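Each protein sequence line maps, in turn, to chains A and B. Just so we're aligned, residue 56 is where the first sequence starts under the working numbering, counting upward by one. Just so we're aligned, residue 56 is where the second sequence starts under the working numbering, counting upward by one.
Derived from the structure by calculation, the hints contain no laboratory data. Incorrect hints may have been included.
Label pairs and their in silico Cβ distance ranges [what the hints assert, rightly or not]:
#, chain 1, residue 1, chain 2, residue 2, range
1, A, E153, B, R355, 23 to 29 angstroms
2, A, F137, B, P213, 41 to 47 angstroms
3, A, R316, B, A156, 54 to 60 angstroms
4, B, A156, A, G237, 52 to 58 angstroms
5, A, D186, B, E153, 32 to 38 angstroms
6, B, E153, A, R316, 43 to 49 angstroms
7, A, R352, B, P107, 27 to 33 angstroms
8, A, G74, B, N138, 55 to 61 angstroms
9, B, L166, A, E149, 19 to 25 angstroms
10, A, E298, B, R274, 51 to 57 angstroms
In this text, all values refer to a predicted model and were calculated from it rather than measured experimentally. Glycine residues also receive a C-beta, built at the ideal position from the N, C-alpha and C atoms.
Protein chains: 2
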Amino acid sequence: MSRFEVLLLGIGAALPDRGRHPSAQVLRYEECFYLIDCGEGTQMRLSDCKAPKQKLNQIFISHLHGDHVYGLIGLLTSYTLFNRQTPLDIFAPEGLEEMIAVQLRWSRCALSYPVAYHVIDTERHCLLFEDKYLQVYSLPLSHRIPTSGFLFCEKPRPLNIRAEKIEEYALDFTQIKQAKAGQDVVLSDGRLILHTELTHPPASLRRYAYCSDTAFDERLPGLIQGVDLLYHESTFDNSHEMEASISRHSTAAQAAEIARRADAKQLLLGHFSPRYPDEGLLEAEARVVFTDSTAGREGRWYPVGGGL
Amino acid sequence: MSRFEVLLLGIGAALPDRGRHPSAQVLRYEECFYLIDCGEGTQMRLSDCKAPKQKLNQIFISHLHGDHVYGLIGLLTSYTLFNRQTPLDIFAPEGLEEMIAVQLRWSRCALSYPVAYHVIDTERHCLLFEDKYLQVYSLPLSHRIPTSGFLFCEKPRPLNIRAEKIEEYALDFTQIKQAKAGQDVVLSDGRLILHTELTHPPASLRRYAYCSDTAFDERLPGLIQGVDLLYHESTFDNSHEMEASISRHSTAAQAAEIARRADAKQLLLGHFSPRYPDEGLLEAEARVVFTDSTAGREGRWYPVGGGL
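Based on the sequences and whatever the hints tell you, model everything.
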């Protein structure tokens, strides 16, 4: 199975405290790496966690609160010190380009590589980006400022051929290619062989949803039904539901309720308020609602579609 | 003697690497604390080094390169999360206010306290700020963008009275106050007693100079003659003098030559390029020119006017 996993660089809310860092994650699919959010100090966190900083070619920013974006300018300018040439795509709500441009202008810094800014319409669920492995969709969230979550969907890969069938039917290169592409094959004697006989059944397509920051949002389960791994913010415990509502954040139980309604396979909690020295309480409250809930840990890789 | 010392939060150049952090320092005079530069992650460094974050009421920014300023927005917004009310003065070259304002606007963040921006004329050596303890002067530096160093000058304190003289001349409260203020005293019998007889000799006034980033600048020694502690950038070793010149930085020997010409008492080196895993080479090269040279260490307090 292809390597599909996420590294949590920062799971703290708002203030860097309790040894936690602001929001940032690296998603990996095989040899491709994508950055999700970029709080202050993310470039140091990438080094600390030995993530391949130079291989990040797409950056997805959920919203323009500082704890999700203030580390971006430092990362972008450091790339220039390394004379990066590879183009960079940045997906973010409106405003990021101006935020970055003003800082570059006053620092008199010209980036050594091209950056394409893609403005996310945070009211819509739509395709943002696609490469050979993944499709990335926006997820409208409910926060104090325009905010988008992200849904990373594995794309169908070529089917795996059954070795014994190559011999049995004396398949040539073209026929193998047809079968792997999901096409039925006509043999030289005229027989039609269904591709389902020639190949292993396709693996189910895995999906990862990143939902931070957001209040409890009833639209969400419909957009991420059956998702393999859901990272959902869990800033507060149950006793702070009112505060969560006012600040447009979620409690651990609300995160779990989203996971339950979405029929998610696993829930990963994060974005913890500094008031919680450890995340045990939040994990416990989530598990009452949704069993497969886990409090995220910084510096750890989590498989998408495997057990946590 | 009053407590006058500086804490190095970050001594790295440009890139956070080799375990070094970008430029930031806390200067302390008695119960007053001042921040000098604010590279990315400074708010975390303040916590790591147990510096009193909330007591910083003046921030001095040398220039708008990222490794000296990208941590400021995070510090300012974190203050708001703590509902800071105390006004903050920020001294910086032109542009900082716009850099900060644009980020606050897109983050839709209103600071909870007033900020006064004071634009430094980086071509002039002049008084920027004064309180009961210190006067702070700008120091024109030679870098790729407008840059100012800072000279922190201890102000004259009241003289200390000699206890035995109070008894000898039966001095009253008013007479003691006069003597401490440096005025001669007329006794009730008409005798004039010189204040120099009544008081201990004044301590010499200590000064701290912060000079980063800069190329070798011949104007500097004249502005900081006899300075007690000079922090001077030392990005490169002697073999990279050409690179230093092109990038408008200094070698360790050039920093030492400034200290020598300025007749400084101590030189503290910093702003080390990541190419140097340890600072021993730079310290050694500086000591050839100026004996009292020390490579700075992060997290350490250095007295101004004492031995290092």
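Hint check:
no., hint, result
1, A:E153 with B:R355: 23 to 29 angstroms, "violated (40 angstroms)"
2, A:F137 with B:P213: 41 to 47 angstroms, "violated (55 angstroms)"
3, A:R316 with B:A156: 54 to 60 angstroms, "violated (41 angstroms)"
4, B:A156 with A:G237: 52 to 58 angstroms, "holds (55 angstroms)"
5, A:D186 with B:E153: 32 to 38 angstroms, "holds (36 angstroms)"
6, B:E153 with A:R316: 43 to 49 angstroms, "holds (45 angstroms)"
7, A:R352 with B:P107: 27 to 33 angstroms, "holds (31 angstroms)"
8, A:G74 with B:N138: 55 to 61 angstroms, "violated (23 angstroms)"
9, B:L166 with A:E149: 19 to 25 angstroms, "holds (22 angstroms)"
10, A:E298 with B:R274: 51 to 57 angstroms, "holds (55 angstroms)"
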